Structures are given as C-alpha cells and as structure tokens.
Amino acid sequence: MPDLLPDLTQPAGWLPLVFALVMALSLLAYVVLDGYDLGVGLLLRRGQDAAQKDAMVASIGPFWDANETWLVLGVGVLLVAFPRAHGAILGALYLPVALMLLGLMLRGVAFDFRVKARAAHRPLWDRAFGLGSLLASAAQGYMLGAWITGFQSDAWSHLFSALIGLCLVAAYRLLGASWLILKTEGALQLQAVAWARGSLWLTAAGIGAISLATPLVSPRIFDKWFSFPELVLLLPIPVMTLVLFATIARSLARLPVRLQQGNQYGAAVPFACTVGILLLAFYGLAYSLFPWLVVDQMTLWQAASAPEALQVIFYGVVVVVPVIIGYTAFAYWVFRGKSTALHY
Amino acid sequence: MDSLDPLLLARLQFAANISFHILFPSISIALGWVLLYFKTRFVATRQAHWMDAYQFWVKVFALTFALGVVSGVTMSFQFGTNWPGFMNTVGNVAGPLLAYEVLTAFFLEATMLGIMLFGRERVSERVHTIATFLVAAGTTASAFWILALNSWMHTPAGFEMIDGQAHVTSWWEVVFNPSFPYRLTHMLIASGLTVAFLLAGLSAYRWLRQDRGADVRAALRTGVRVAAVLIPVQIAVGDLHGLNTLEHQPAKIAAMEGIWETQRGAPAVLFALPDAATQSNKFEIAIPGLASFYLTHDWGGEIRGIKSFGNQHPPVATVFWSFRVMVGVGLLMLAVGWLAAWQMRRGQEPRIWMARVLVAMTFSGWVALLAGWITTEVGRQPWLVYGVLTTAQAASAVPPASIALTLALYAVLYTLLLVAYVTVLFHLAAKAGGGALNRLPDAATKPALTGVAHA
Chain A
1 MPDLLPDLTQ PAGWLPLVFA LVMALSLLAY VVLDGYDLGV GLLLRRGQDA
51 AQKDAMVASI GPFWDANETW LVLGVGVLLV AFPRAHGAIL GALYLPVALM
101 LLGLMLRGVA FDFRVKARAA HRPLWDRAFG LGSLLASAAQ GYMLGAWITG
151 FQSDAWSHLF SALIGLCLVA AYRLLGASWL ILKTEGALQL QAVAWARGSL
201 WLTAAGIGAI SLATPLVSPR IFDKWFSFPE LVLLLPIPVM TLVLFATIAR
251 SLARLPVRLQ QGNQYGAAVP FACTVGILLL AFYGLAYSLF PWLVVDQMTL
301 WQAASAPEAL QVIFYGVVVV VPVIIGYTAF AYWVFRGKST ALHY
Chain L
1 MDSLDPLLLA RLQFAANISF HILFPSISIA LGWVLLYFKT RFVATRQAHW
51 MDAYQFWVKV FALTFALGVV SGVTMSFQFG TNWPGFMNTV GNVAGPLLAY
101 EVLTAFFLEA TMLGIMLFGR ERVSERVHTI ATFLVAAGTT ASAFWILALN
151 SWMHTPAGFE MIDGQAHVTS WWEVVFNPSF PYRLTHMLIA SGLTVAFLLA
201 GLSAYRWLRQ DRGADVRAAL RTGVRVAAVL IPVQIAVGDL HGLNTLEHQP
251 AKIAAMEGIW ETQRGAPAVL FALPDAATQS NKFEIAIPGL ASFYLTHDWG
301 GEIRGIKSFG NQHPPVATVF WSFRVMVGVG LLMLAVGWLA AWQMRRGQEP
351 RIWMARVLVA MTFSGWVALL AGWITTEVGR QPWLVYGVLT TAQAASAVPP
401 ASIALTLALY AVLYTLLLVA YVTVLFHLAA KAGGGALNRL PDAATKPALT
451 GVAHA
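Chains A and L supply the protein sequences, listed in that same order.
End of the first sequence sits at 344 in my numbering; the numbers just go up one at a time, nothing left out.
End of the second sequence sits at 455 in my numbering; the numbers just go up one at a time, nothing left out.
Incorrect hints may have been included.
[As the list claims (entries may be wrong)] Here chain A is said to cover these stretches of chain L; the calculated rule only asks that three of the stretch's residues, wherever they fall, bring their Cβ under 8 Å from a Cβ of chain A:
1) 66 to 73
2) 77 to 86
3) 99 to 107
Hints were generated in silico from the structure; no laboratory data involved.
Note that the structure is predicted; figures quoted are calculated from it, not measured.
We put the CB at the ideal spot given by N, CA and C, even for glycine.
So that you can see chain A by itself, here it is in the shape it has in the complex (with noise of 0.2 Å):
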C-alpha cells in the first residue's frame, strides 16, 4: 500500500488528496441533505389526504434545491479534478446513472407541477414525485453498490448491487421520517414515527448485511479490516453504529407517548442518530477503499488533473465554499423550526 501514496509536500501529492476530500464530503452531505427529501418523496404515496402530502412536500421545500446541488459538486470534482475516473467510473454505470437522472428530473419537476398544474393532475404529479424518488435512490444505492465491487459484471456483483440498493431506498426513507418527525406536528408526526420504525429494522439489516458482504466480494477489503491492530482501532465503527440503532429504536418507542402530550422532547433524535449512523458508514467505506477511486485500477492520484489545474480551483474552494456552508447555514436558520405551509 505505502507505495501507492505519492510525496504527499508536493502539489501533484497533496491536492488530488485535497479534492478527493472535498469531493468525499460533497457526496456525503448530498447523501444525507438529499436523502431526507428523497425519503420524504418516497413517503409521499403514505400521506393520507391532500393536506398531509402538502404538509410532507412544505417540510422540504425550500431546501430541496439547494440540497441537489451537493451532487452537482460531487461530480463536478469528480469531472474536473479526476477526469480519467470521471470517463471510467460514469461509463461504466451509464446506465444506472441514466436512471438516476430520470428519476431526479421527475421528483424536481414534479415538485412544482403538483400545485401548478391542474388540480386532476396532482395526483399524477404525486406519483411521478414518488417514482422520480425511487428511482433515484434505488439507482444511487446500486451505483454505489457497483462501485465497491469495482465494476464487475458478475451475477453476484449485480445481486450486491441490487441489495445495496434496496438499502439505500431503507436509509433514505428511514432519514425522511425522521425529518418529517422533526419538522412536522400532529397526526402527521405520529404517522412519520411509524414510517420510521418500519424503514428503521430494514435499513439495519441492509447496513449489517453489506458489512458482511463487502469483505467477502474483495478479499483486499478484507484484509483492510480484519487484521491486527486494525480489527481493533476499527471497532469502535460497528459498536457506535449498533449504539445508534438502539437508540432510535429506543426514541421511536417512547415519542408517540410524548408527543401526544404536546411534548416535542427528543424529535431531533431519530435525525441525528440516522446522520450518524451514515457518516459511520460513510467513514467505514472511505477507510475500505481508499486510495483506489476505481478500485485495484486507478488510485485518486493516477486520475488526477495537472495540479496547475487543480491550484486554481483549489482557490477557488477555499474562499468559497466556507461562504456557501455560510449562506446553507442562513437559510436553514430562516426556515427553523416547525415547517409551515409554502405559498408564494
């Protein structure tokens, strides 16, 4: 391994490093700032009347947006800082990926045609909502899926890959309960408790079964982990994710109680545990693959674009992005608290 790590004082050894890092942290808030509004759309087709579907779409409205955008700079990075990786990583999933898209362009539009177009038509447009959404999350988890196993074409490959997607839509719908526990009131709220509970036992055994998985699809991750001292240092991961799980299993089950009381008390919890419980993972599978971006082919520096390149873009970051984390900041201050009913 030590060999494939370049003189990291170099610009040509630290900066594809930097990207990698920049692009890594793009996708991760993508992963948990779109998967809310994703499971909130693949929840959507639960809403009981009109009223709560209005009431789910108004939770992430003004966000939905802005939240997009952090796969636009995931793959952006992606394009501009490892174009080699970008050629061989898209290519390779053209398909998934057109699928992908497909189904964001639906969930987006349908965003906006559900309340302007004519009202026969919402229903409709609700349903695109819901199918853009799963569509989305289903082809993302089998991306990711694909991309741990290094493209191949497999009949096993593919099955991990259609597990890790089924896991995905679990998580995803899991993160949009527990938004709409923590932006929600009422009836509502309560619903969101038992959406959260159902996807909650899925998504554990998803996580679970990708943790065995994934050592034996490639033995190289294997070794990564379970050898001596890692197994050790690595520990910590698996016990803090089961820690979260006990936890929110445990919140779920007392906040009906509470919050028919009108006691709001703990309805951020099932939400933070559940970023938790992906920011574990997400560290677990960075630790698995790095510093392959295709993995056993092409290190992150062997796709990297000329640092002069990268020089100028890394400027640009580091001036701008602490003002975007900023502005994101302003705007989820301004629409704290309960969601209310969009209208403009």
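Use these hints to put chain L onto chain A, whose structure you have.
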C-alpha cells in the same frame, strides 16, 4: 444494433439534452432581473400591483428554474459519459471554469431561491429583496462561466498543448478569449428578448381574457418596452459577433452565407437549398455583393468559400437554414416589438389583433435562441474545440445500444415536460385571472415608468 453510429447517437443525445436545458436558463437569467425590477418598484412606490406582478411571475420563475436545474444536473454527468476525450484533452481549461460555475453560481441561486420563494414571511423586506437580487446575480454568473467555456471552445486562447493535453498559460486569455465578449452579450440579450416576449405574450393572453388589472398591464408594458429596446441592440451585437466569427471561424460564416466558391463581391443569399453532393446551391435567390459589404464593409471584399476548407467545414444546409430562421424570427420580433410599443405609447392599450400576435409570439425567443445555438454549435463542426480537438476524437466507447435506449427515454421525458411546461404556464395565466372579474383596472394608478436597466 451495430448499424447505429455511436458518434451520431452521442451527439444527438447531447444535443437533445443541451437544447432542452438551454430553454430554461434562457428564461430564468433575465426573468430573475425582471423580478428584482418588480420587487424594487414595489418597495419604492408601495403600489400593490408591482407585488401582484412579482407573485405571478415568481411562480413562472420557480417552475422554469426547477426544469433548468434538473436538466442541468444531467449535463454535468454527460460531459464525462458522452465526451471523455473532451476532459482528457482540455480538462485543465474546462474543469476550473465548470468548477467556478458550481461554486459561485449554483449554490447561491439554489439556496437564495428558497428564501425568495418561501421566506417572505420569515425575513425582512430588505433581506427578501437581497435574496431576489442574489438569485438573479447567480443565474447571470452561471451564464458568465459557461459562456466563457463555450466561447473558448470556439476561439481557444491562453493555453499550450503538452503531450496532447491543454495546459493554461493565461487564465485571463482563457476567460476573455476573442469571441467571449460578443457571445456573452449576444446570449444575455437573447435571454432578455426571450423573457420580454414571454412577459408580453402571457400578459396579452390574460389581457385578452379581460384580466386587465394594473399588474397585468404593467407586465405587458414591461415586456413590450424591453423587446422594443433590446431587439435593435441585439441585431447590432449579432452583426459584431458575425464579424468576429468571420475572423476566427471563416468556415462557419461561409456555411451561414451559403457561399461555396471563394470570391470578391460575394452575394447575400436570401434563399437556396445547399447541396452537399454537388457543392452548390439550388434555387438560389441572392443580392449581388451584399454579403461582402456587410461582412467586410466593402462591396468588393473577398469571402472564402466552403470549398476552400476541404472537408474541414460544417454541414452547410443545417447551418445555412438555422441561421436564416434566427434572423427571420429576429426581424419579426423587431416589427412586432416596435409596432406594439407604438400602439402602447403614453399608456394606451394595444389593439386586439396585436395582443393576439403577442400571444402567438410568447415563445418566439426560444425559436430564435435554438436556431442561433444550432448555427454556432453545428457551425463549429467537425471541431469540438476549434483547431484543437474534433468531436469524433472526444467520443466515448459506451455501447451504441445503451446510448440509443437512454436517448429514447430522454426524448420521451423531454417532450412530455415541454408540453407540460407550456400548458401549465397558460393554465397559471388563466387561473390568475380567475378572480379578475371582481378586479377593475386601477385607474388611480398612473402607468408606471418602466425601464430596461434591469432587463
């Protein structure tokens, strides 16, 4: 499926995506500034109709913006999947420009849009106006970066080729490459005109339905005046852009003009069917010497013909005809814009037939824009980056069947969305007038002075 040409499919797919995409930014760029104009008029005058106009058009903006975002996300993936050779060869130039677009424009407009649409009751009037300004500034910044890249692909500058890869020697020369000022101006005014006719068209539609409140008349007036002012400017800028193209891409000009033989005193071809097989025009109607005059400002000036470029020239008929469509629509806009502005001088109402013409011209900006887009992009062929990289060299090895399948899916979805978009805009316009029967024209409101500073 082996008979399918992967290069042609990849080009068709990319053309479908980028053509569909450009429709929406072309509206949101200028409409953002129009919204800011409505908002600042309201803040300055406290006349409610400016806010009514804002609230109708912000709905149009939100829908347009959503379509622009989702189709734009698609583009960010297709740069790599359809044209891996593009990033491998000129990634050091294109990468930073695209990165700066995402960093300085996309997040800004997407985040501020939330506050602009839904935050009016949660923030102060001032912050809401600032958010409206930042959305407009974001869309324009986005146009700045992407047109810098697009212009660079036409007139590359400020780089050197080392081992088959472009390396930047001067970022200033890359961004402000020779065709950039002309292309950016031409595009921003095109956006202004597209929005002017959209404003005028939808407002005329409401006006014809007896929905004649002060807000509708203000929007109608704004649209017509902006159109009347911008169209002659656009024609002048287009002429300058053409002269710039003649200097840097003479093959494109030869194709636009349908001139096969290098000659002095070249004619302006009004109508012809360019024939690639015989390398000549059929049924040509032309005015002798005129093309030389407007291209070189000399009746006897020499124009290089298509034949002199060997096989390094674009498909002539496509470029020739799309150019004529653009100019034709532009002239129609000039006639309609000026006539409507004349009819509506000093606060007068337009004639009924003029209102109908304006409704028919609602999306005329799109027609001119797409025709101009095809002229310039097809006119660049066979190059992707002029003189540096051909389109064929940049193509990917994705199986043609995959491209064909996804192309079909995109085509179906885009058609549906386009139909839905146009239908919903007119539906919104009709619905907005639902309460108009109770609302008399506000005679007390003086026709507000409309300006074009923000358009």
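Against the structure, the hints come out as follows:
1. 66 to 73: holds (count 7)
2. 77 to 86: holds (count 5)
3. 99 to 107: The restraint on the segment 99 to 107 of chain L holds, since 7 of its residues have a Cβ under 8 Å from chain A and three suffice.
When each numbered hint is compared with the structure, no violation occurs for any of them.
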